[in-house]
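Engineer: Start from the sequences and build out the full structure, keeping to the hints where you can.
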Amino acid sequence: MNMFGWRIVFLIGCGVLMAGSHLAVAQQKDQPSFIDQAISNSQPKMVKVFGASAGKVEGFATGIIVSKDGLILSSQGVFLDGRQVKVVLSDGAEHIATILKRDRETQLSLLKIQATTPRFFELSTEAVGEKGDWVIALSNAFKVADKDEPVSAMLGVISLRTTMEARLTKRDVAYRGELVLIDAITSNPGASGGAVVTPNGKLVGIVGKIINSSETNTRLNYAVPSSVLHEFVDGKASVTKETQPAMERQDVEFGVVLFKLGGRNNPAYIDRVVRGSPAAKAKLKSDDMIVSIAGEKIGNLKDYAESLKSLRAEEEVLMIVKRGVEMVRVRIAPRLKK
Amino acid sequence: MPVEILRLVVGCLFGLLVNPFALTVAQTDNDQGKVDAVDAAVSELSEAELMEAMVLTSKAFRNAARRVTPSLVTIESYGGVSAVQGRIGGIRKQGEGNTTGIVISSDGYILTSTFNFIQRPPVISVILGSGERHFAKLVGRDDTRKICLLKIDGLTDLPTPEMVDESKIKVGQWAISLGVGYGDTSPAMSTGIISAKNRIGGRAIQTDANISPANYGGPLVDIEGRVLGICVPMNPQSQAVGAGVEWYDSGIGFAIPLANAKKLLDRLKAGEYIRPAFIGIQSGPNPLGDGILINKVNPKSPASRLELAEGDILLNINDNPVNDMLRLKQLINRFEAGETIRITVKRKSTGSEEQLEMPLDPPPTNAKEPLALPKIR
Numbered sequence: 001m002n003m004f005g006w007r008i009v010f011l012i013g014c015g016v017l018m019a020g021s022h023l024a025v026a027q028q029k030d031q032p033s034f035i036d037q038a039i040s041n042s043q044p045k046m047v048k049v050f051g052a053s054a055g056k057v058e059g060f061a062t063g064i065i066v067s068k069d070g071l072i073l074s075s076q077g078v079f080l081d082g083r084q085v086k087v088v089l090s091d092g093a094e095h096i097a098t099i100l101k102r103d104r105e106t107q108l109s110l111l112k113i114q115a116t117t118p119r120f121f122e123l124s125t126e127a128v129g130e131k132g133d134w135v136i137a138l139s140n141a142f143k144v145a146d147k148d149e150p151v152s153a154m155l156g157v158i159s160l161r162t163t164m165e166a167r168l169t170k171r172d173v174a175y176r177g178e179l180v181l182i183d184a185i186t187s188n189p190g191a192s193g194g195a196v197v198t199p200n201g202k203l204v205g206i207v208g209k210i211i212n213s214s215e216t217n218t219r220l221n222y223a224v225p226s227s228v229l230h231e232f233v234d235g236k237a238s239v240t241k242e243t244q245p246a247m248e249r250q251d252v253e254f255g256v257v258l259f260k261l262g263g264r265n266n267p268a269y270i271d272r273v274v275r276g277s278p279a280a281k282a283k284l285k286s287d288d289m290i291v292s293i294a295g296e297k298i299g300n301l302k303d304y305a306e307s308l309k310s311l312r313a314e315e316e317v318l319m320i321v322k323r324g325v326e327m328v329r330v331r332i333a334p335r336l337k338k
Numbered sequence: 001m002p003v004e005i006l007r008l009v010v011g012c013l014f015g016l017l018v019n020p021f022a023l024t025v026a027q028t029d030n031d032q033g034k035v036d037a038v039d040a041a042v043s044e045l046s047e048a049e050l051m052e053a054m055v056l057t058s059k060a061f062r063n064a065a066r067r068v069t070p071s072l073v074t075i076e077s078y079g080g081v082s083a084v085q086g087r088i089g090g091i092r093k094q095g096e097g098n099t100t101g102i103v104i105s106s107d108g109y110i111l112t113s114t115f116n117f118i119q120r121p122p123v124i125s126v127i128l129g130s131g132e133r134h135f136a137k138l139v140g141r142d143d144t145r146k147i148c149l150l151k152i153d154g155l156t157d158l159p160t161p162e163m164v165d166e167s168k169i170k171v172g173q174w175a176i177s178l179g180v181g182y183g184d185t186s187p188a189m190s191t192g193i194i195s196a197k198n199r200i201g202g203r204a205i206q207t208d209a210n211i212s213p214a215n216y217g218g219p220l221v222d223i224e225g226r227v228l229g230i231c232v233p234m235n236p237q238s239q240a241v242g243a244g245v246e247w248y249d250s251g252i253g254f255a256i257p258l259a260n261a262k263k264l265l266d267r268l269k270a271g272e273y274i275r276p277a278f279i280g281i282q283s284g285p286n287p288l289g290d291g292i293l294i295n296k297v298n299p300k301s302p303a304s305r306l307e308l309a310e311g312d313i314l315l316n317i318n319d320n321p322v323n324d325m326l327r328l329k330q331l332i333n334r335f336e337a338g339e340t341i342r343i344t345v346k347r348k349s350t351g352s353e354e355q356l357e358m359p360l361d362p363p364p365t366n367a368k369e370p371l372a373l374p375k376i377r
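Protein chains in written order, with my numbering: chain G, 1 to 338; chain X, 1 to 377.
Just so you know, the hints here were simulated from the structure itself, not pulled from any lab data. Predicted model only: the values in this text are computed from it and were never measured. The C-beta atom is built at its ideal place from N, Cα and C for all residues, glycine as well. Check the hints yourself; a few may be wrong.
With the C-beta cut set under 7 Å, the calculated list includes, among others, these residues of chain G facing chain X [claimed, not checked]: (1) F34; (2) W134; (3) V157.
Which residues of chain G face chain X? A few of them, derived with a C-beta cut under 10 Å, are [unchecked claim]: (4) Q37; (5) N41; (6) S214; (7) A268; (8) R272; (9) S286; (10) E326.
Structural biologist: As structure tokens, this is what we get:
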């Protein structure tokens, strides 16, 4: 019998055992299922946060308790800018919070209330949940829950764990790092700072602020993963600091002049090749369209300028250009800009 | 491998058990015996078993995605967003990112959504599942289904997905949407069920899995990774290329089933451009009874060729009564330019009812900018 066969026998055996043990509890009515339990166990760890509003920006958010002595994680936002920030616990008790930390880049804030909070979320340093796993999002979106009312729960799956570093442009969000995209719709006012948990109650991350992806021009539904939260709470500065390039940046060029008439959003068409330049040696031609450099897509002039910043003189890279209907690959090393 | 299939079946079964939507649907199917059986099964499951079931559905989702992913392609966009001004179907502008397509034949035919070509890119480059980048040409398009066919030349052994015949698709079954629009090489997934069939003039199926620019052109697959349809933006009230985007990630999403569409694919392969039907009348409700009142007839339109005139009343199309404008749009949407419909009109001049054959035109090119904002009711 192969391994799979054994596994089936094992599963059947387990099933018999479970059915046996199940008889004992079958009498109990309203036995909570695990999703109920994940939600009911999480509710005491959820808080509602109220602060200042500014114009159309709402002055409320959600938060999660992360220590037994009243540490609360929430998102960064204008609601923190008022004279006081009010935190409402799941039993309806109101506390004035002090702001310990806030970070522009991770879009997180750490609050503290003077209360003991015996039930709190553990922040895992490892990734919790993978693509396709069920998750429950808990948040006070639209301020639906008042006082001691429990916050709203939604079911979805993890859509993708991805690094947003290269994906989102600056105007999307300052956040750089791993995002957990989910398919429950959490991109609503007041939801940020909510919890995303697995059906067995482990914290995947907290609901991120509303951001619009320039990739799709749609709102993203996502969680900031627990490992990032852990680093933020622990005070290790690595999440807040941009990693510095090891070497000093060089001003390099290939020796091409691009068509600039259409603005920076235009594709990178070569207008003219400078004689004697690396581009000339690589036999690039006028009207070639630069498609990629060193494996990175060059969608427009902006991408081209960004790409040059990461290159070093005399280091050969692969460039792909479109010439007529042909795709042409050349190896080319930029030179120091004169 | 039978064990693999067994595991999937177990996954599906448990999936049905833990999926509340599936239960609701079963109830509406008048299949009371089945519902009772399912309910009983739920009440006898232990927590550990339920947890195991949940874990199994997630494994089945991943398995489904893994099966179809080799056939997914990333369509790269070039030239940014400057080519499009103004709003497209409720979205201020289109995203700048890559979009999704799916290989349908080993010799390089790729299906995607017309939404991904609103910007009319100078070059269409696609990255195959293998990571290779190729240029593709646009071969044919169908504006009534918002799909288009691309072709990469010189290839012979591309992996193709299995497709599910539309007649085998059941309302309430699992549906998983996949797309690479968020920029990762691994597709993002959203799960849900088939909400309805026979939508948008019978062309589309409906799902509550998230459908958005992140997966337009990508596949909607079943729990075994077989393709149910191609995700597209759709709105029954408008055929503008961006219409339906306003419903992204809303629980109302559409996909075009294609397992049975050999005829359609042959037309697209032959370079055909299939366009919506246009009859050329402006009309309003008939205050005096049945039908709709024609207020204006566009010159050089199907209506003007039949000498329809202001004051005539359109009573029915192919024996379907037309009593309001929405119904008219729905009926016309079932057809495409080039087809012929049979209409019944009551002439104002003679007062008599006439049955007429009306060959349909495509919309005049200057009548409506294809990017125009659809009317949101």
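Engineer: Work down the list of hints and note, for each, if the structure agrees.
Structural biologist: These are the hints, each one checked on the structure:
no., hint, result
1, F34, "5 Å, holds"
2, W134, "6 Å, holds"
3, V157, "5 Å, holds"
4, Q37, "8 Å, holds"
5, N41, "13 Å, violated"
6, S214, "5 Å, holds"
7, A268, "8 Å, holds"
8, R272, "19 Å, violated"
9, S286, "15 Å, violated"
10, E326, "8 Å, holds"
When the structure is compared with the earlier hints, violations turn up for hints 5, 8, 9 and for no others.
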